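Visitor: Sequential numbering from -11 applies to the sequence shown in this note's numbering.
List of simulated lysine to any residue pairs, SDA-like, C-alpha gap at most 25 angstroms: (1) 112 to 320; (2) 112 to 73; (3) 112 to 129; (4) 112 to 83; (5) 112 to 69; (6) 112 to 130; (7) 112 to 172; (8) 112 to 169; (9) 112 to 224; (10) 112 to 217; (11) 112 to 183; (12) 112 to 125; (13) 112 to 126; (14) 118 to 92; (15) 112 to 48; (16) 112 to 66.
Label-pair restraints from in silico Cβ distances: (17) 97 to 218: 42 to 52 angstroms; (18) 77 to 159: 35 to 45 angstroms; (19) 242 to 128: 38 to 48 angstroms; (20) 171 to 219: 30 to 40 angstroms; (21) 163 to 248: 54 to 64 angstroms; (22) 142 to 311: 50 to 60 angstroms.
Hints in this document: simulated from the structure, not taken from any laboratory. Fair warning: this is a prediction, and the values are worked out from it, not measured in the lab. Even glycine gets a Cβ: it sits at the ideal position worked out from N, Cα and C.
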Amino acid sequence: MFWRLVFQLLRGSRGRLGVAILAIVSGAAVISALLDLDLGVQNKLTQEFRTLGANIVISPASGAPTQIRGAEAPSLMPEIEVVGTLQQLPSAQVAAAAPYLYIVARAQNIPVVLAGTWLDQAQKLDATWKLEGNWVASRADDSHCLVGRNVARRLQLAVGNPLELHYLDRSAPCTVEGIVDAGGSEDNQVFASLRAVQSLANLPAQIGLAQVSVTGTARVVEDYSTRLAAALPQYRVRPIRQVTEAEGALLGRIRLLIVSMVLLILILTALCVLGTMAALAMERRKDVGLMKSLGGSISRIVGIFLAEVGVLGAAGGFVGTFLGAALAYWMGLRVFGTAISPRWEVFPVTIALMIVVTLAGALPLRMLGNVKPAEILRGE
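Could you build the full structure based on these sequences and the hints that come with them?
Guide: Spelled out as structure tokens, the structure:
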């Protein structure tokens, strides 16, 4: 009997309740989308920041410049020690890693900065690079190189041209496989295989630094950097704080904005329900008077109305959650270029929030308990 009365009340006030259900569904949809976005933005934001390049650098403890100025007194590290440590640590969080050896070589009698590295990792470490030509697919390929756009312009090089590099009394030929447009200092460099540059500089198995790109939040990067520093205490291991701190700060601002928006939407939804229920309470005065005159208790009567509002909130929250999942999917495509999958834990949270909001907005219905049956029966 209780629930029959509840559903009869819902059917009898479809006009006014339609406004409330529309507000609840709209609020639930936006809140659900924002919660999905908050839970999914961390991975998406991390992926976006990984395109900025490496976020951990391993260098000699002396603090010497990472780019070698010549062959007189370079500050170097054993390749096998650094690379071996990187391979021993958990690799699930490492998106890319590569050692580097920098020397100043000569090409066509013009000094150029020559960087020896694992060329197959170049695209993974620097995803923003634009390339004319092809990437070098193998780190053991000593016959091909990549040339920065400024170097290519100065030396009048094109893809497929031969290039001979000289260092002291040694030389190393290579074929230009691609021309790099990085928008930074890399445009003034030539990139060759690490083994070829080590041979050219007569520095076998030596590197000047190593770069690592770690996926995850700023805390994950810091934790990995700490473990790496403990494994290599004789070297300087430092996260690139401009990247990690910017990532953490941006994520914090986004979450603050999302929480603020959720609170604002909850308040607006509650106000909309409050206005609807205030008008509905005036219409229900006669029904309440009749119920009380027939012996209905105040708690029973108010409970019927609150159950009506609770059903309204649960239904609106349920429908709005599915709409919010679709909205989050669209927002992910528009902002991050990839879809944000709905999180199932958002469904009960959104429905619970909508029930609480509608009950909070149903305050005028609670005041129906003060209605006096005698006044209603006399038509007052």
